[in-house]
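J.: My request is simple: use the sequences and hints to build the entire structure.
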Amino acid sequence: MPSPIAVIDFETTGMTPAQGARATEVAVVLIEGERVVDRFQSLMKTGVWIPPFITQLTGITNAMVNAAPEAEGVMREAARFVGGAPMVAHNASFDSKFWQSELRYAGLDAPHPFACTVLLSRRVYPDAPSHKLGNLVGHLGLPRAGRAHRALADAEMAAALLARLQRDLSLRFGMAWPEHALLMELQRCARQSMGRLLQRHVQAEVPGLAS
Numbered sequence: 001m002p003s004p005i006a007v008i009d010f011e012t013t014g015m016t017p018a019q020g021a022r023a024t025e026v027a028v029v030l031i032e033g034e035r036v037v038d039r040f041q042s043l044m045k046t047g048v049w050i051p052p053f054i055t056q057l058t059g060i061t062n063a064m065v066n067a068a069p070e071a072e073g074v075m076r077e078a079a080r081f082v083g084g085a086p087m088v089a090h091n092a093s094f095d096s097k098f099w100q101s102e103l104r105y106a107g108l109d110a111p112h113p114f115a116c117t118v119l120l121s122r123r124v125y126p127d128a129p130s131h132k133l134g135n136l137v138g139h140l141g142l143p144r145a146g147r148a149h150r151a152l153a154d155a156e157m158a159a160a161l162l163a164r165l166q167r168d169l170s171l172r173f174g175m176a177w178p179e180h181a182l183l184m185e186l187q188r189c190a191r192q193s194m195g196r197l198l199q200r201h202v203q204a205e206v207p208g209l210a211s
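Going by UniProt numbering, the letters in the sequence shown line up with residues 1 to 211, in that order.
No lab work stands behind these hints, which were simulated from the structure alone.
Given the structure is predicted, the values throughout are model-derived calculations rather than measurements.
A couple of the hints might just be wrong.
To be verified - Taking lysine-lysine and the DSS-like style, the derived pairs with C-alpha atoms no more than 30 Å apart in a straight line are: (1) Lys97 with Lys132; (2) Lys97 with Lys45; (3) Lys45 with Lys132.
What the hints assert, rightly or not - Derived CB-CB ranges, DEER-like: (4) Asp109 with Gly14: 23 to 31 Å; (5) Gln203 with Asp127: 40 to 48 Å; (6) Lys132 with Asp168: 26 to 34 Å.
From the three backbone atoms N, C-alpha and C, an ideal C-beta is built for every residue, glycine too.
T.: Printed below as a string of structure tokens:
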């Protein structure tokens, strides 16, 4: 049975916490292999104003977040939901910063390692016309999960993309289901080195084969 992975997506008031942006919505989809085992989603109130262009993009209004639970409580629930599972996001450099920042506001640590389906898809699907989430979903024929730029829909699509990536790697290289640690290693390697990395991994899976 593959180990659980938490696939996360945030909607926010801006691009980075370093410029004062805060989260407006968080969603986490917990998967084991190709199976979704649980979901968490909540709007969150931080007191930070949502610019009109963000509302136009996401559909999330200031009135909606003002009526939502306080962000600190939401993040404590999200952290309990994730537990010790490693994490994945589409464009993880964005979501990981908000995960760490919002947990700090809640007085919690964020030790979770992040893998990124943008980086992974560039290595596994180099011929895709675009590596944006919606475009990859269309290119691979994956199901669309609702309105783009809402956290749960995007987390659902990122989870489906992750499972497809893992299945394609497993079939292409004749390997066991790729776990999170291997995905972390894979996203750091150059695309031209991917085959050698995975061949070494396959050899290590079979006793006596590497020798």
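J.: Let me make sure I understand: some of the numbered hints might not hold for this structure. Which ones are they, in numerical order?
T.: 5 and 6
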